[in-house]
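Visitor: For the sequence shown, this note's numbering assigns the number 37 to the initial residue and increments by one for each residue that follows.
Rather than coming from a laboratory, the hints here were simulated on the basis of the structure.
Mixed in with the good hints there might be a few duds.
Derived lysine-lysine pairs resembling DSS-like cross-links, with alpha carbons at most 25 Å apart [unchecked claim]:
#	residue 1	residue 2
1	Lys142	Lys156
2	Lys142	Lys89
3	Lys225	Lys142
4	Lys197	Lys274
5	Lys89	Lys183
6	Lys44	Lys86
7	Lys280	Lys197
8	Lys197	Lys156
9	Lys232	Lys222
10	Lys186	Lys156
11	Lys197	Lys186
12	Lys43	Lys86
13	Lys183	Lys142
14	Lys86	Lys156
15	Lys186	Lys171
16	Lys89	Lys156
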Amino acid sequence: MIGSEVKKTNTFFIISNYNTDPEQYLSYCEDYHIYDQSPDVEIRENLRRKYSKISFVENTGHNISDYFRYFIDHYESLPQYMMLAKGNMIGRHVTQEYFERVYDNKCYTSLYDDRHWVDKPDVAYQLYDGAFLEKNNSWYAEIKPHKYFKTYNELLTFVFKNSIISNWLLFSPGACYVVTREQVVKYPKEFYENLKYLLSYTYFPSEAYHVERMLNIIFNANYEINPHMLDVSVFHQKLEECEKNNQVTIRQLGTGYRKVGRRLGRGVKGVYNKILHNLMIK
């Protein structure tokens with residue numbers, strides 16, 4: 037569509053932004069809201085002057101908290117179709133060509149493609165555009181702080197009843213999707229309030245990585261959620277129990293885990309881990 041008139045989609049764009057100007061997305065959509073986490077004062081002031089539909093929020097280190105914030109604040113009036121996007125998504129997580137093929141999709145769509153990706157046997161594979169398959173080993177928990185859940189499996193069973201523990205996880209690196217209202221409102225607002233807290237209790241915890249890998253299940257699976265996910269106060273009580281049972285706290289993630297991180301930095305697995313870490317961060 038470059039060089040020609042762009043058709044604007046009625047899909048609502050929820051844009052999580054960090055130190056960039058997401059102007060290019062506005063030519064593709066009729067309506068949007070920007071959540072800006074930029075620490076750069078000059079950038080923030082420029083965005084403030086330029087956009088009326090923008091909120092300046094705390095820097096959590098990732099974009100998922102902004103998506104959940106929108107779900108919570110507009111739960112009763114969510115658009116039928118929503119794009120969950122990052123300000124730097126085009127060129128980082130998707131190509132311009134792929135984006136222009138799918139931005140008007142009226143169905144669940146993973147916004148990720150990397151034709152330069154080389155599969156890492158027994159570690160990670162790209163099955164097709166938008167489908168990234170990773171071994172379920174919570175590798176990032178050894179180098180990122182976690183207060184409540186060290187592994188993906190621990191969080192999955194905390195959130196959902198009788199969930200299947202898989203050896204492999206299918207997700208979109210960067211956590212960018214097109215979703216429908218029905219996929220969001222099948223859970224109550226408290227569900228997102230609780231998950232948002234878990235993503236944001238400190239800067240970019242391991243739990244944010246867990247939820248990134250869980251989004252495909254959140255939007256598509258038909259699991260029953262555990263009762264504590266329906267009540268904010270009960271949820272926090274349960275988290276206190278998890279913290280007491282967790283042998284590794286943020287304060288205890290000292291020199292030993294930095295050494296582990298350096299060891300993970302060696303070899304094919306280490307290179308892969310660095311790539312995935314860089315995709316998640318702003």
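Visitor: Run every hint past the structure and note whether it holds.
Guide: Now for the hints, and whether the structure bears them out:
no.: 1; hint: Lys142 <-> Lys156; in the structure: 32 Å, violated
no.: 2; hint: Lys142 <-> Lys89; in the structure: 23 Å, holds
no.: 3; hint: Lys225 <-> Lys142; in the structure: 23 Å, holds
no.: 4; hint: Lys197 <-> Lys274; in the structure: 15 Å, holds
no.: 5; hint: Lys89 <-> Lys183; in the structure: 34 Å, violated
no.: 6; hint: Lys44 <-> Lys86; in the structure: 20 Å, holds
no.: 7; hint: Lys280 <-> Lys197; in the structure: 22 Å, holds
no.: 8; hint: Lys197 <-> Lys156; in the structure: 32 Å, violated
no.: 9; hint: Lys232 <-> Lys222; in the structure: 17 Å, holds
no.: 10; hint: Lys186 <-> Lys156; in the structure: 24 Å, holds
no.: 11; hint: Lys197 <-> Lys186; in the structure: 19 Å, holds
no.: 12; hint: Lys43 <-> Lys86; in the structure: 22 Å, holds
no.: 13; hint: Lys183 <-> Lys142; in the structure: 38 Å, violated
no.: 14; hint: Lys86 <-> Lys156; in the structure: 43 Å, violated
no.: 15; hint: Lys186 <-> Lys171; in the structure: 16 Å, holds
no.: 16; hint: Lys89 <-> Lys156; in the structure: 42 Å, violated
When held up to the earlier numbered hints, the structure conflicts with 1, 5, 8, 13, 14, 16 and fits the remainder.
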